[in-house]
Amino acid sequence: MENNTQVPNPAEAREALASIDTAQRAVRDTPWPTWIYPVNALLLGAMTLSFAFGEDGFVYLLAAGAVLMAVNVLAGYRMGTPYTLPTSRLFLGLAGAAMACLLGAFVVAEVTAQTWPIVVLAVAAAALYLAGGVAHRRSTGAPR
Amino acid sequence: MTAELDPIIHPAHRLRICAMLVAGSTLELSVIKEHLDLSPSALSKQVAALVDAGYVKQERLGSDTRRVWLSMTRQGLKAYKAHVAALQEIVNATTV
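Chains C and B, in that order, are what the protein sequence lines are.
Counting in my numbering, the first sequence runs from 1 upward without gaps.
Counting in my numbering, the second sequence runs from 1 upward without gaps.
One chain only, chain C, in its complex shape (with noise of 0.2 angstroms):
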């Protein structure tokens, strides 16, 4: 056991800080594959469209959202950071929207048996989606 820890000063206790920063950062802003983008917002919009078919529609809704996380997890254990939330803000903002249109289907789903509604907020839920794909791969750069 190490027990000959030298008390930093406050300049290198910063710049411990920030480094702590930095490294996160890194870690969290690691480039996702460019197809990750539009199977995710298909995924999410046809999560979104299974609450058009009433109850059959639940087992829609469990089989993609199975593949969503699926594909997330294995492209994340590619990567190497299977586990890993993005910083950009704008894309966890957009990506939220999203899911909130999801939310919103099965709401509307409750309430009213139109299902242009629903084909709305699927459509909304990958544009979204989509939309914040572009501001993480700004955030981020192109995967090497």
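Note that these hints are calculated values from the structure, not bench results.
No experiment lies behind these values; they were computed from the predicted model shown.
Ideal Cβ placement from N, Cα and C applies to all residues, glycine included.
Careful: at least some of the hints might be erroneous.
[Claimed, not checked] Stretch-level coverage of chain B by chain C, calculated; a stretch enters the list once three of its residues show a Cβ under 8 angstroms from a Cβ in chain C:
{"#": "1", "region": "3-13"}
{"#": "2", "region": "19-30"}
{"#": "3", "region": "77-91"}
[Claimed, not checked] Computed from the model, here is a short list of chain B residues facing chain C with C-beta under 7 angstroms:
{"#": "4", "residue": "R16"}
{"#": "5", "residue": "H35"}
{"#": "6", "residue": "T94"}
Take the given structure of chain C and dock chain B to it, following the hints.
Frame of chain C; chain B shown alone:
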């Protein structure tokens, strides 16, 4: 000072390794190597110190045994948080 600096985490490279593991939860060793200016043997030494202290878990997952995965243990996370708090206290002491 209430929080304490951790002698295992204190060296700059180990602090950065821990920071990356806290941000990423589970990371492949090659990802860490990519972001640290260290030779493979030097990186192995730093990781071994963290593993020996019980702060980091090292494992090989699935069929690809060439890939080494690292994650923080509960003990490591606690020590890291205390270390960062101690650094923060040093910085705050000068700004108050």
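Going down the list of hints, with the structure as the test:
no. : hint  : verdict
1   : 3-13  : holds (count 6)
2   : 19-30 : holds (count 10)
3   : 77-91 : holds (count 5)
4   : R16   : 4 angstroms, holds
5   : H35   : 5 angstroms, holds
6   : T94   : 4 angstroms, holds
Violated hints are absent here; each numbered hint is respected by the structure.
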